[in-house]
Structure formats: structure tokens, C-alpha cells
Amino acid sequence: MAEEEKKQERKKRRTATEAASSIGAMVKAAIGGTVKAKEEGKKLAYSFIVCSYDEIIRAMDVVPVWTENYAGVCGAKRDAERFLERAESQSFSRSLCTYALCGLGFDQWREELGEMPPDAPWGGQARPDFMLSSGQILCDPRNKWYQAAQQYMPDVPIYDVGLPYPLYEDDIEVADVQDYYIKYIVAELRGLVKFLEEQTGKKMDYDRLSELVDLGERTWNLIWETYELRRAVPTPMGTGDAMNTMVPMVFMMGTQEAYDFYLDLNKELKDKIARKEGVVEDEKYRLLWGGGLPSWFALTDFNYFNSKGAVFPVETTYRMIEPIYRLNMPDTNDPIERLAWRWLGYWTYWYDKAKKRPGSEPDVERLIQYIEDYQIDGVVMHEAFSCRTWHLGLIWQLNQLRKIYKPIPVLILGQDGKKGEEKRELPSLILESDIIDISTYSEVDTRNRIDAFIETLEQVRKNKADRR
Amino acid sequence: MSDYFAGIDIGSTMTKVVIMNDGIISSIIGPTGPEQRRLANRVMENALNQAGLPFDAITYLVATGYGRINVPFADKQVTEISCHAKGVAHLFPECKTIIDIGGQDSKGITIDHGRPTDFVMNDKCAAGTGRFLEVIAEALEITIEACGGMALKSKEPAQISNICTVFAEQEVVARLAEGVPLNDLVAGILESLASRISRMVKRLKVANEVVITGGGAKNAGLVKALSDKLGYATLVPPEPLITGAVGAALLGKDIVQKATKNSLPLERKKRSLEEIEIL
Chain L
1 MAEEEKKQER KKRRTATEAA SSIGAMVKAA IGGTVKAKEE GKKLAYSFIV CSYDEIIRAM
61 DVVPVWTENY AGVCGAKRDA ERFLERAESQ SFSRSLCTYA LCGLGFDQWR EELGEMPPDA
121 PWGGQARPDF MLSSGQILCD PRNKWYQAAQ QYMPDVPIYD VGLPYPLYED DIEVADVQDY
181 YIKYIVAELR GLVKFLEEQT GKKMDYDRLS ELVDLGERTW NLIWETYELR RAVPTPMGTG
241 DAMNTMVPMV FMMGTQEAYD FYLDLNKELK DKIARKEGVV EDEKYRLLWG GGLPSWFALT
301 DFNYFNSKGA VFPVETTYRM IEPIYRLNMP DTNDPIERLA WRWLGYWTYW YDKAKKRPGS
361 EPDVERLIQY IEDYQIDGVV MHEAFSCRTW HLGLIWQLNQ LRKIYKPIPV LILGQDGKKG
421 EEKRELPSLI LESDIIDIST YSEVDTRNRI DAFIETLEQV RKNKADRR
Chain Y
469 MSDYFAGIDI GSTMTKVVIM NDGIISSIIG PTGPEQRRLA NRVMENALNQ AGLPFDAITY
529 LVATGYGRIN VPFADKQVTE ISCHAKGVAH LFPECKTIID IGGQDSKGIT IDHGRPTDFV
589 MNDKCAAGTG RFLEVIAEAL EITIEACGGM ALKSKEPAQI SNICTVFAEQ EVVARLAEGV
649 PLNDLVAGIL ESLASRISRM VKRLKVANEV VITGGGAKNA GLVKALSDKL GYATLVPPEP
709 LITGAVGAAL LGKDIVQKAT KNSLPLERKK RSLEEIEIL
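Sequence order for the protein chains is L and Y.
Be aware that the first sequence starts at 1, since it is given in this note's numbering, and climbs by one per residue.
Be aware that the second sequence starts at 469, since it is given in this note's numbering, and climbs by one per residue.
Hints in this document: simulated from the structure, not taken from any laboratory.
All C-beta atoms, glycine included, are put in the ideal place defined by N, C-alpha and C.
Treat each hint with caution, since some may be false.
Output of the computed footprint for chain Y on chain L, the stretches with three or more beta carbons under 8 Å from beta carbons of chain Y [what the hints assert, rightly or not]:
| no. | segment |
| --- | --- |
| 1 | 98-108 |
| 2 | 396-405 |
| 3 | 447-461 |
In isolation and in its complexed conformation, chain Y is listed as follows (with noise of 0.2 Å):
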């Protein structure tokens, strides 16, 4: 009988489930808030139900992202940060680096085989996440899956001079109404984020391959900025949101076959997807 391994990874925004035996058999994203992080729950049921597995087959589940601590069937909790790590070496051997944006963070991890060595977050201001990109696409009354295509037929991106995002939207509304093309704006616009992003990561000592993974990942606009702020190429994963679930489960399987190998026993939590408690 197959060994099967679960990551779920609850960050800001989305929760992400991948369940794993040689390969990825199961992967689902669903959307984290202050009610439906309480129902991770079922996006855990939803990732075994695409899998046809019950959740007993489920050898060892490893949770991750910030709501990693109060999962009640997660037999352990590893930070974002080191299953990003994981993840993304799983996927690309090379990386050295990885540049993760989320709905309300941005982070920046330096590898080595596939662990961390060292790292810069921001989960202080919006204006250096997704989040900042939200509240601007929101104002100019865009999708943000739209602001990616558009931000590459800019000519001259808009210059933003404001950091903060609030007044950032403000300056978006008012250099529309001077007649600046929407696209030179949200190109100006990702171009803002990057270089937020770009001065947080040149902290690390950036080195290739670097990959970008989390939502941002997805805006090939915000993409191509960061790679020019950085004067590196990037790579994208297939899914770029679930690498933090991916690695949880892979690092769980790595602690199965180091219990297996040692002969040590393994703490397992009980299999019943109960609603998460919120402290």
C-alpha cells in the first residue's frame, strides 16, 4: 500500500492542500477568510475527495502558512518558509532563490538543497504585497488578472511616487483623471511593487536560479518588473500557489522515512476533519 502525504498550507488570503505520493495526486486552493479559515476543513475534504482517498490514507499531514498553528489533524507545523523552500527545490533543483508574494506578505529565501539559509519578510505594510495590488485594480475598476497583460502593452509606465498604499490609490485616481492611459498606470503600478519587493530581497544575496511562487506569481506584468528590478531572470512554477503545500508534504514524507529508517516512533493526530478552532 502507497504512502500518502498532505501539505496545507492556510496563508492570508487562500488555503492550499496538495497530497502526494510519488507525485502530486490532489491539489486544491480555496480561499482563506475569517469564516472560511474555520471550514479549511473542507478544502482538506475536497483535496481527498479529488484524490478518491479517505482521510485515513493519509500517512502524515503537515500544515504551514499563518493559520498553520491551530489545525487540529496536522500532525506537525513547519513555517512557510521552510516548505516554500522544500516546495520550490522540488520543482526547480537549482533555485537559490525564491521570491513568494501573498495576498497580505512578501517574502524572500535564500536555498541550499532545497533549505533555507537565510530570509527577509514583510508583513508589515500592504504596499509591498498583493494586497497593494488589490486595492489599486479595485479603484481603477479592474480585475487583477487583467493588470498583468495590460501592464506589458505599456510604452512608458506612469511614475508612483507614493509608498503607502492608501495614498498610492489616491495618486492612481488622480493621475487618471489627468488622462494617463490605463496601462502606462498599472504598469507604473507593478513597477512600484516590484521595486518594493526587489530593495526587500537585494537584503538576501540573490542568486540563480530564482524562482517566484504565491499569487504575484501568477501577473506576468509584476513578473517581468521584478526580474528587470532585479536584473535576473525569474521562473515561475506551473501552480505558483501551492509550492508552500507542496513542500509541507514532501517534508513530511521526509520525516516518515527518517522515523522508518531510525525505527522511531511517529505522533500522528487523529483523522477527523473537525472545524479549525479560531483563538
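Next comes chain L alone, as it looks inside the complex (with noise of 0.2 Å):
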């Protein structure tokens, strides 16, 4: 074997199941397809991830360019910093979302030289004909990213969709401004249909967009039921992997090769909790990962993990998908209004839990339904520094978990049969660092926390024991 192999071999993360280990090549070709797609003449776009449009794209053969999937990337092979740099050189400040730095650092090279960055990894970020900005509310770089892009590539138009839901008030009825919601959010796809005919040429072929549809909320299902498999002792499956069996939920969703994938990795679950196959050999601790992108340069922390016996079941990041019969979705036959409705109620799924439980939010509510379905010690979040929008409510969620959660008595049942009483205890653990900006990240520090960590969970444990 050569010499470079060798190292390529050592640098690979281990990953407990097939599926997961499978992910790199299929990123790595889906990112090389898009560049050979631009030497066919097809067109390309510049998107976003859960965006729900995704079967539209599909529909319109329009090649997604996944740009915060190529700045993970980057990020992963640690190589985004020289395209963080040279964004920092264009007067963008380093506070910003640093996937939206690594992709205007890499967009601003490739057009002042007029091909890829040397080295470019896995052959770098194709040129888009267009762009599809996605608005989500509360993500400025979604509307914001691809304008600041746009002024390297100026030829290049954009498409923004606002995809707004409602924020959950807990004296609100989703179902009394619903309506408006779905209004605005199918105008919006049809403007998107619009704007991609204008583009590409071509009518939309709305029997296929149903098929689409169809497939996507196959996979929906089909995603939700495997991931619930994980509920197994040991599980079968930690987040470690999910950070790479996320990648046809959210960057293929609408193919065949996206329910195939699931479909193998369904069987291939169930295969392991027949056999009593675990992440590790003797699982000790059930962590659930309760938000946050990962540092996308270490994921070996979940190794580490491992090695201590503790495995995430169960995360809420890239989670993106719930059961599509629990989403109340009317019968329809159109599939935009179809499209609209998932994403409504992807969005909304924890609003009515949330109500039941005075001070919970539905955020909160969904880390509890976890903690109890998955068995759950302990759980770890990741604040990364440069995106605010959704690690900002992080500490927050941790905090109304312990006062509306955490405090409740439990009744236990001694093995004398006797019935006692005890608190829950569910320690807790803040990672920080970046999703890509490595400079921000200290192995020694994270695993000095993980450790701390790891002794707690025992030290929690013994504590009960010791109450019994």
C-alpha cells in the first residue's frame, strides 16, 4: 500500500455501521457530479438544505450545489481555512456563519482566477447559473449569504423563497393563522416553479413532481421508523454516524437513491439489534446530542465518547423529518400545497406537546420526549461560535430543562419492592467551538470537558445506587 493510502486509512473516523462509512464516496461523487454536470450544460443552483423544495429542483433536473455541504467539507478535510482567510480579506468579519465565509472565500477565488482553487477538495464548488436563497425565519445568512455572492459573480441571478411558520406563543392555535401561512408558502413555491422554467427552459411536469413528492414522504417515513430502531440497548447507531447518514435526508431527499440508502440502512439496524451489536461492546452511558452543528474537523469526539462507553442514540441536529402521518396534513393533490403543508408541520410538530407542559417550548419538549424514548444519562451540546440563529437558544433549552424536567420526582421500585422516591439527575455538557473555523477548537480543553463528563455520569449513577 502507499505510503499516502496508509495515512489516508489512519485518518479515517470509525464508524459503527456500514451505511455511515458508505457517506464519504457518495459526497465525494455527488460533489464531483456537479462539476460534470457543468461541462454537460446542465444547470446548476446554488441551495440551501431543508428547504423544502427539494423535489422541485429534482423535478426541473436542476443540479443542486449543497454550499454549506462543500464548506462542511472543506471544514472536515480542515482545509477551509485559507478560504475563510481570503473572505476575512474581502472585509467579511469572522463573526459571520463561517460556512457562508468558507463559500464567499472559495466563490471570490474560483472567479478571480476562472477556475477551481488549487487543491480544491474533492475538485471543488461548481459556478451556479442560479441561486435559491431560502429564507427560514430566523438564519440571515439563508437571504443574506448568496446576495454577498453575488457580487463575484454578478451574471448570476437569485431566487430568494421565504419559507416562513409560525413562532410558537403558547396562546396560539397554529391552526387559526395556518391558512395564511400555507397561502404565502405556496405562493412562494409557484413563483420558485416560475422563476426555474424562466431558467431552465423547460414546463414543470407536475405528475412528476407528485411522484417526487410521493418518494420524499416515503423517505420521510421510512427515515423516521429507522432512526426509531436506535431506541435499541445498545444502540445500534450514535450520532457519529448520523452526522454522515444525514446526507441523502438532506441533500438527496426526492431520489430513489435517498430511500434506497434508508432502506439498507433500516435492514442493516435491525440486523445489528438481532445480533446484539452495539457501538460499543459495553455500553454505559446513553448521551443524547441535544443540538448544535458538530465541529465538522473533529467528529473523532464521538470516538472519544465511545471509548469511554457513552453512545448518542438519539440527536436532535439533523433530525430534519418526522413521521408524515402525525403532521395533520389535509388531502391534497397538489403537490406545492403538499410541499407547503410538510414543511408547516415539520416545523409546528412539537407546538401542541409544548402547550400540555406549563414552561416548555417546543424545543424543549422534543429533548424531553427523547430523554425518555432513548433511555437517556445525559445530554451534550455543541455552541458554535459563528452561528448564532441556532446555538444562540441552546443554553436557554438547557436551562428550562432543568426547571421544568429535571425537578420532577421520579417513583422507583427498590429491589426490596419497596417504592421510594428520587430526582431525576441529568448532567449535562456545553462543547465549544466552530462547525469549520478550527482555530477556535482545543482538542485537550474538549476532551478534559468529556472526561469531567464521563466521571459525572458515574458519579450520578452511584449516588442512586447508594439511594436504594
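Assembly of the complex is requested from the two constituent chains, each provided in isolation within its own frame, with the hints serving as guidance.
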């Protein structure tokens, strides 16, 4: 084996599932595919994940270029710094979203050279024919990133899709306002179809779109069922792997390839469960990854947790689906309306549950549900400094969790048959770094925190045992 | 023959060693730095000399703190969270919350019967650690030791608005030039530091008794400011720097007792005071 190959092999992160280990090649092929598609004259669109219009793009034979994905790949390959620095030299602040900074640095360089930057990871990010912004209320880069990129590509038009949803308030019923939202989202999506028709010179085939939406909905259900298999003890798959297996969910929705991937994963997990094969040999602690994008350059931290007997059977990050049959979607044959209802249903899925628990919020309710369903011993979150949108609320969620969940006494039945009472104790750990900016990361400090957290879990368990 | 247990806590700025049998028989505090960390074995040697013991007399030795990983003569490594919990509970059995203010990090720990139940840690920003105080004291040309007393004399602590150590340093110098009294400036700095630490600690379920440890606990002005911010009376150990090392020694004692009770083998390292290899 060549020295270089040996080096590559050493670097590869250990995964628990075959499915997760196949993802690297899949992403590499997808990124390479966009470059090839460009050469073949196909239409390419810069796009954001969780955009709700995956099937529309696919039905129009537009090739999506997932810009967040490419930035993540640069981060995972520890090769984002030169693009971040280039963006900084263009007067973008380092405190902005580092996905956006990486993408902007890359675009500026590619446009300046008229070709891919030297040694661009996995062949580089292809130049788009148009860009599809996708506002999601809170994430400003989803509106502003491509506007900023346009200064390097002034000939590339943008279509900005507004995708709102009602923010949670415990005295407002979604049903009272949902028709207004659906009307707005449908209008935005129809506008997108019109824009794509103009850009591609093709008419939308609505029968094909319906088929893809059907496929997308079946994929949602399949992912949900598959991920629920991870409730098993020992769990057959952890969050480290889920950070890979999310790829077909967020980058390939509405494709047969995505559906087939989860079919294979489903089978693999069932086989592992039947063999009682877990992520680790001796599963000691079950943890919830309670939010935050991961540090793509430090996914081996999940393996470090595993080396201590800790596994993550569940995560809120990149679990961007709910079972379709629980979303209360009305019967409609219009695929655009179905996409709109699916979007609204997903974002408001936890609202009703939250209303039933005083002081709760949808995000907190989701944590509680997972804690109970997956028999969780502790919660880990990652505060990525450059993602204000999502990460700002994480500590607040933990605080609420402590207030409304932890102090609740739990009745237990001791070995002697006597009823007792104990308080739920759920230690938490907040990791601090970034999604791709490696200069924010210290392996020593991170692992010191993980060590302390594992010891805390052990001590909590001892305390419980002493009380029984 | 008595059993002796040692704890060595290699922090970012200080190395602490404690040797115990039924009580503390020796404790040494020495500086940690790029060179000193390598020579932490000498701090161990000093502690043994103080106790009048050969190294072989140590039944079990636990290392803790940031430098715990590469101590060749330690039988076990335990994080400072568990060690502080154990050490503080030994001194204050009713303690429920620990705040440790170290040279380059600060931590909040909730405990139950000497065992940690949750914790928060700041190792990212100097503004919530002893380093903040060091930088400001240097800018004001006063000693850290003097800060506490000066702050307690202030009747109107100055407002320090910057949350970054570097910019706070500039702000303090500018305020001094404006004529703000030194005592008020120092009090303002301590309030600012206390505010950052209390915000972090309040992520936990703070409960009485609250014990402050680490170098920050030696600063009466900071302790008062922190008590005020938290709304809790706080306690300080007689020597707040050694609680981690005390806990480490006690955890070693637990390990030995458990092994003896269950007739389990005990893994021990060679008792040789080698220099610590920096990885």
C-alpha cells in the first residue's frame, strides 16, 4: 500500500455502520457530479439544505450545489482556513457564519482565477447558473450569503424563497393562522417554479413532481422508522454516524437513491439489533446530542465518547423529519400544497405537546421526549460560535429543561419491592467551538470536559445506587 | 504501618501536591509554567520532604488538573471536577455548589455527597478567569493580592463595560486617566469578573452551601462580589488552592479501600520521581 494511502486510512473515522462509512464516497461523487454536470451543460443551482423544495429542483432536472455541504467538507478535511482568510480579506467579519465565509472565500477565489482554486477539496464547488436563497425566519445567511456572493458573480441571478412558519406562543393555535402561512408558502413555491421554468426553458411536469413528493414522503417515514430503531439497548448507531447518514436526508431528498439508502440502513440496524451488536461493546451511558451543528473537523470526538462507553442513540441535529402521518396534512393532490403543508407540519410538530407542559417550549419538549424514549443519561450540546441562529438558544433550552423536567420526582421500585422516590438527575455538557473554524478548537480542553462529564455520569449513577 | 495517599493537581498556573493519611500531613504549592510543568516532580519531592516520607511510602497517588495525563508516577488520573467535589465535601460536608476560579479557567460544580452531579466550565475566555485579574492588575501597576482589600474600600465601583480582557485593560487605563479612583476601578473589575462567573454558574442549580476555591477565592473583594451577584453566602477553605489535590488523595484512599475490601489487585506505577515528559 502506498504511504499516502496508509495515511488516508489512518485518518478515516471509525463508524459503527456500513451505511455511514459509505457516505464519504457518496458526497465526493455528488460534488464531483456537479462539476461534471456543469461540463455537460446542465443547470446548476446554489441551494440551502432543509429548503422544502428539493423535489421541485429534482423535477426540473436542476442540479443542486449544496453550499453548506461544501463548506462542511472543507472543514472536515481541515482545509477551510484558506477560504475563511480570503473572505476576511474581502472585509467579511470572522464572526459571521463560517459556512458562508468559507463559501464566499471560495467563490471569490474561483471567480478571480476563472478556474477552481488550487487543490480544491474534492474537485471544488461548481459555478452556479442561479442561486436559490431560502429564508427560514431566523437564519440570516440563508438570505444574505448569496447576495454577498453575487458581487463575485453579478451575472448569476438569485431567487429568494421565503419559507416562514408561526413562532411558538402558548396562547396561539397554529390552526388559527396556518391557512395564511400555507397561502404564502404556496405562492413562494409557485414563484420558484416560474423562476426555474424561465431559467431552464422547460415547463414543470406536475405528474413527475407528484411522484417525487410521494417518494419524499415515503423517505421521511422510512427515516423516522429507521432512526427509531436506535432506541434499542445497546444502540446500533450513534450520532457520530448520524452526522454521515444525514447526507441523503438533507442533500438527496426526493431521489430513489436516498430512499434505498435508508432501506439498507434500516436492514443493517435490524440485523445489528438481532445480533445485540452495539456501537460499543460495553454500553455504559446513553447520551442525547441535544443540539448544535458538530465541529466537522473533530468528529472523532464521538469516538472519544465511545471509548468511554458513552453512546448517542439520538440527536436533534439533522433529524429534519417527522412521520408524515402525524403532521395532520389535509388531503390534496397538488404537490406544491403538499410541500407547503409538510414544511409547516414539520416546524410546528412539537407545539401541541409543549402547550401541555407549563413552561415548556417545542425545542425543550423534543428534548424531553427523546430523553424518555431513548433512556438518556445525559445531554451534550455544542455551541458553535459562528451560528447565532441556532446555537443562541441552546443554553436557554438546557435551563428550561432543568426547570421543568429535572426537578420532577420519579417513583421507583427498589429491589426490596419498596416504593421510593428520587429526583431525576441529568448532567449536561456544553462543548464550545465552531462548525468549520478550527482555530476555535482545543482537543485537550474538549477532551478534558468529556472526561469530567463521564466521571459525573458515573458519580450520579453511584449516588442513585447508594440511595436505593 | 500507615497508608499514605497523595494527590497532585497540575493546573494551568500552579501545581499543588497534598499527602494525607488520616489528615493532611503535607501540602506544597508551586508554580506551573512551560518549564515548571516538566519539573512538577520537584513539587512532589518537596511535599515528600515536608512529610518526611520516602516516595515508596505513598500507597496510592492520583493526578488531576490539566497536566494530569502525563504524570509518569501517578497511579490514576481523575479530572479536577471529581477531585474538587471530593476535596471540598471533605472540608464542607454540607456543600452543594463549588465555584473554582483558577488561573486560566473557572468552573461551577454541583455536588451531592461529595460526588459531582453537574458542572459548567469556562476554558475559552480569559475574561472569566484569574488571568483577567492578572492583566488588569499589571495595567494598574498593583499586585493581585492588594486588589481584594482595595475593592472592599470602594463606595462606588466603576462600570467596566468591555467583556474582552484586552479591551477591558484599555478601558481601565482610560478610566484611570479620567480620574476614577483606583479603589473604584478595582472594585469595578472584580464586579465584572464576578458577573461573568456568576452568569456561568447560574446555568446550574445553585444551592447552599456554596464554596469558592482556586486562586480567586483568596481575593476577598471577588468573593464578596460573587456572593452578592449569586445571592448566596459563600465559604472559602483555609487553603483554597489545594482542594483538588486533597480530593485526588481522598479518591486514591477510596480506591485502595475498595480494592482491599473486595480483594482486587491494585495497579500502581513505579515510585520514581522522573521529569514529566511534555507531549
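For each hint, the structure was consulted:
no.	hint	in the structure
1	98-108	violated (count 0)
2	396-405	holds (count 3)
3	447-461	holds (count 9)
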